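Colleague: Chain P is already provided as a structure; the job is to place chain A on it using the hints.
For the protein sequence lines, the chains are P and A, in the order given. For the first sequence, counting from 1, position 269 maps to 269 in the numbering used here; every step adds exactly one. For the second sequence, counting from 1, position 81 maps to 81 in the numbering used here; every step adds exactly one.
No wet-lab data here; the hints were simulated from the structure. One thing to keep in mind: the hints can contain errors.
If several chains are the same, the list does not tell them apart, and a pair holds so long as it fits within one copy or across any two.
[Unchecked claim] Listed below are the simulated DSSO-like cross-link pairs for lysine-lysine, each with C-alpha atoms no more than 30 Å apart in a straight line:
| id | residue 1 | residue 2 |
| --- | --- | --- |
| 1 | K194 | K287 |
| 2 | K112 | K29 |
| 3 | K233 | K29 |
| 4 | K370 | K233 |
| 5 | K233 | K287 |
| 6 | K112 | K287 |
| 7 | K107 | K233 |
| 8 | K29 | K287 |
| 9 | K29 | K194 |
| 10 | K112 | K233 |
| 11 | K370 | K107 |
| 12 | K194 | K107 |
| 13 | K29 | K370 |
It should be emphasised that the depicted structure is a prediction, and the values quoted were computed from it without experimental measurement.
Take a look at the letters that make up each chain.
There are 2 protein chains.
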Amino acid sequence: MAITLADVEAARRTIAGRVLRTPMLPAPKLSALTGASVQVKYENLQVTNSFKERGALNKLASLSAVERERGVIAMSAGNHAQAVAYHAARLGIPATIVMPVTTPFVKVHATKACGAEVVLHGETIADAQLRAETLEHERGLTFVHPYDDAKVIAGQGTIALEMLEDAPDLDLIVIPIGGGGLIAGNALAARAVKPSIEIVGAEAALYPSFWNTLRGEARPLGGATLAEGIAVKNVGALTLPIVRDLVAEIVLVDEQSLERAVNAYLTLQKTMAEGAGAAGLAAMLAKPERFRGRNVGLVLCGGNIDPRILASIMVRELERDERMVSVRLTIPDRPGVLGQIATRLGELSANILEVDHHRLFLDVPAKGAKVDVTVETRDRAHVQEILAALEAEGFQPQRIEAAVAME
Amino acid sequence: MAITLADVEAARRTIAGRVLRTPMLPAPKLSALTGASVQVKYENLQVTNSFKERGALNKLASLSAVERERGVIAMSAGNHAQAVAYHAARLGIPATIVMPVTTPFVKVHATKACGAEVVLHGETIADAQLRAETLEHERGLTFVHPYDDAKVIAGQGTIALEMLEDAPDLDLIVIPIGGGGLIAGNALAARAVKPSIEIVGAEAALYPSFWNTLRGEARPLGGATLAEGIAVKNVGALTLPIVRDLVAEIVLVDEQSLERAVNAYLTLQKTMAEGAGAAGLAAMLAKPERFRGRNVGLVLCGGNIDPRILASIMVRELERDERMVSVRLTIPDRPGVLGQIATRLGELSANILEVDHHRLFLDVPAKGAKVDVTVETRDRAHVQEILAALEAEGFQPQRIEAAVAME
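Chain P with its partners taken away, still in its complex shape (with noise of 0.2 Å):
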């Protein structure tokens, strides 16, 4: 009943030629910025931008002709759901994906134009799930579980494989964690190639399933998260036991390092990871004396983002570092003051990104009015250099957050 490397290799030889072998290349950037030497495995770049085919292929894959002809079913808000739809469609495998109502419309879209009929039912997953399981007694169809299944695992682990063919010296590999199938596939493969390699999970801190269930704690469980791939609140029964052996450890990322992992992943990799596929790399921002100099391995799993999330991330990046900086000024209401400011930030080499007139607020004095200023700037000895200078001019300055149009 365990599952073994020859499972993962078995898995390797079905999905050959139908799921890319993605690229495995260093990263000198995000190494310089860890202190570690890092590898990226590119799986956003999978036709459906993830690594769920390869577990959804294996599975579908492994149907008997009968179990083909009635059909799958699957229940996914996410990822999964276009990978099961995707190569279902591929086999000739009919599909049915039930998502919760609240789905985002992207997402149902992209999984109708994969071919497979979309059920929309229920404001929760757990409702969601609920309705599929009906389906598939209802209809006789064969579910495709996005973890908890031993094909689907099986595929998963050929990640670590193409890994270490490319990249044998790895020390350490780090992995995302939501229900485990990603990371138990992963693990069992990587420790039967190389007994000696380091596998380390990264976990959502809004969603510590895993975390609890290992260590016997009770942390709260839910929230937004940025990592909404692995927000599951459930451990698999097939991956847990995997996880508990051969996991070395389980580093919990918070929102923050996540969106630094989201934006660090565009900005110095030139590459798009969603929330989940970048926790890897967050881990080692929360962490980083854990990986520093060592040889490490990250599964960027999934580039499925929403850009006006992506947007705003890089945005709020750019606040962070300094790169820009919006104040508030107060004003005397008269002609030529704006134009007064304007010509001193100009004099700064501040570029003026937007500027926001307000006369009705109730701290200005009836003859006043504020002003919110957003510039382009070089760095903090720059934003400095800016507000002293308008101190100096009597404005007043006060740092705010910027207007961004899209959060």
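Modeller: For chain A alone, coordinates are given in the frame of chain P:
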């Protein structure tokens, strides 16, 4: 004097192991978008995130011991600067880079971080160029030209050798064209290896220097382009004859095609392209019938784009796709109306992103107000449904462009 395949093969041996052999991967979603079979060469994954390292390293490695000791000089505000600085530092060659004083701080910083001395001089590229020539002679430095140099051209050509090894079935390669170094090197290498292959150049419509020269036209050159990396007003003396002989066609790409291409790389292919880096894809979008049904190779030649600009492109594309809409409503200025609007939008599943309330516009009745509301939408039909509902409530909705913070 002519550059040959042997020069490119020699360059390949020279740069082997010191410049990344980048992935060449099928891009099924870009194929679906364009109707061609598209494969992408990811030059944006180089350490300094552009192909420029190939030519720069090939040139640097060709210098004599005396030349290396004296050092090199280059003039560039962009990718060439970082490429020269990075590889000069690795070879222990002192590098001086002249940049116009208007160069964004981030690029100056990135070049300094590679270990080069940066000289900021002149308002324009031409001024900086003069300064670089003066320093070349005063200090006895070797000038590393960004494109008009046989070693540089041969170095860039190594890309085509790798592409055809990985994808021998290519019918056509689309290559961005600025000064012509990238396209010249790759045209001569690709046509030597596979004489039947077509090479198409993608030139910015605002900077049609090769187009003008080859066709005897005199279209104007200039203006702010997203593809600043190929905004070159001259053609190279070495590159021109190669382009004339070996390039089948030049496609001019306008700003909207460039913007769509950058966005398509990001949202469909999960990778970051700068404007010039996306020019090949932009050519496919601008002239789809030219490429339909063929095996097309794209060189994603650079990924250095300002995060602010990228964020703005993403948001604008959402508006174009009608996944986001802004409307200005005229409302009676009394309590409760905003609540009424918000409730109605909620019923229509239109998620509110931003609200801006004006009462001081002259075209508003004294007892009225205007509200700008930006909402997240599903598609065109959803937008129409929302507009009709707001009309029915008497708010006279007018569509406007969203107030995007970072344009």
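Colleague: Please write out, lowest number first, the hints stated earlier that are contradicted by the structure.
Modeller: 3, 4, 11, 12, 13
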